[in-house]
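**Student:** Here is what each chain is made of, one letter per residue.
Number of protein chains: 2
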Amino acid sequence: MKSGDFVLIDYIGKVKDSGEIFDITKEDAAKKEGVYKKEFRYGPVPIIVDADFVLPGLNEAVKEMTIGERKTIELPPEKAFGKRSDELIKLIPETQFRAQGMEPEVGTFITINKLKGKVMSIDGGRIRIDFNHPLAGKTLVYDIEIVGTISEDSEKVKAVVYYFIGVPSEVVQAEVKEKEVDIGFTKKFDILTEAKQTIAETIIKWVGMEKVKFVDVFYKEK
Amino acid sequence: MKSGDFVLIDYIGKVKDSGEIFDITKEDAAKKEGVYKKEFRYGPVPIIVDADFVLPGLNEAVKEMTIGERKTIELPPEKAFGKRSDELIKLIPETQFRAQGMEPEVGTFITINKLKGKVMSIDGGRIRIDFNHPLAGKTLVYDIEIVGTISEDSEKVKAVVYYFIGVPSEVVQAEVKEKEVDIGFTKKFDILTEAKQTIAETIIKWVGMEKVKFVDVFYKEK
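If you read the sequences in order, they're chains A and B. Residue numbering for the first sequence follows this note's numbering, starting at 1 and increasing by one per position. Residue numbering for the second sequence follows this note's numbering, starting at 1001 and increasing by one per position.
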């Protein structure tokens, strides 16, 4: 695969040491492994090679592969979620939580200033919280399979929309005329201008469009 | 003027008893009367006759008038903001505010469950709040002038957008083709689907469109 390709991949991501599965795209595999979640949307994931859609190490691996190929790769922390940093372990006075009516418990996750951290210990009125990514410092193992590629511009557009806001392609209308695309939805969504901007920039850069139009249509009731 | 007309009106609204001006559309008049506010957007207000854009009494008066005409009308409470209701005066324990870190003061307005009320008195741990509209029970005097009408469909569309979300017409693009209109903005706004729905329904009903399209366009940077 090469830079800019729209590739559909299936994968299973595991922590090397523990064997714990943290990400899996195939429904049957998830059931077999006992990690199936009803609300999760299974199926091959569309990625754009070199567009920062996936971990650097995963992107590199995909570049080396061809359609239909399967491969198991190992990603050291520096090609995955980075090393653990002691500076991201913070001691916070218990009173600070009390004031906000929060009662942290060891082992639970809490969010402070949009950062998610795990409560490590509560001791002498001080709470130790680890704000490292749960997968930081871990070597990951990915089983990857290249399922196919996307070549139609309208399908590429839908893949970008799905990637950024999770709206499945059957709800998205993408009408391409030369270098312009009209994007509509069969259901109504509130999509922030910021998200539209990001989607549009990605489509312009990676699908090669010059004009991206988001369209919301209302009809007279018959 | 008749039902469905798009009419531009200037007006001054006063409380009959006190003479207090609570609404005024002309900048020079506002300055003359000493009620000018820098941040307020002065200028004739577009209304649609019979579309619930203004108080019932104001709507009735406009229907009787012609372009260029001026008229002073008196609206009794029942044609304006209704009579005062004793049931909208509530006694609330002071502790309830303390729990939320609020300290009400007599004469100020506070909002509870999206209802705005005026603090009347604080007595024996109980706070008396008046949730009546400040103009309820008042007879109002309006000086109205019919400045003109809007006949172009695209200008009607802009008037509806302005009425519902306050976006001035110079920022709005309305392209009408037969029974369809494309609405765009020269600046980017986050407009909720609910607001778009209301705007679209009003345009369909009162401008006679069959399809209303909101369009957000992003271009490739040159």
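A hint or two may mislead.
Examples of chain B residues lying across from chain A (beta carbon under 8 Å, computed) [to be verified]:
#1 D1028
#2 K1032
#3 V1035
#4 Y1036
#5 F1185
#6 K1188
#7 L1192
#8 A1200
#9 K1211
#10 F1214
#11 K1220
Below 20 Å or equal to it, Euclidean Cα-Cα: the simulated SDA-like pairs (lysine to any residue) are [as the list claims (entries may be wrong)]:
#12 K220/A with E1180/B
#13 K1220/B with T186/A
#14 K211/A with K1213/B
#15 K1213/B with T186/A
#16 K1026/B with E1039/B
#17 K1220/B with I204/A
#18 K1222/B with I204/A
#19 K1211/B with E175/A
Worth flagging that the hints you see were computed from the coordinates, not collected in a lab. All C-beta atoms in this analysis are idealised placements derived from N, C-alpha and C, irrespective of residue type, glycine included.
**Student:** Against the earlier hints, flag every one the structure doesn't satisfy and list their numbers going up.
**Tutor:** Hints 1, 2, 3, 4, 5, 13 contradicted; others consistent.
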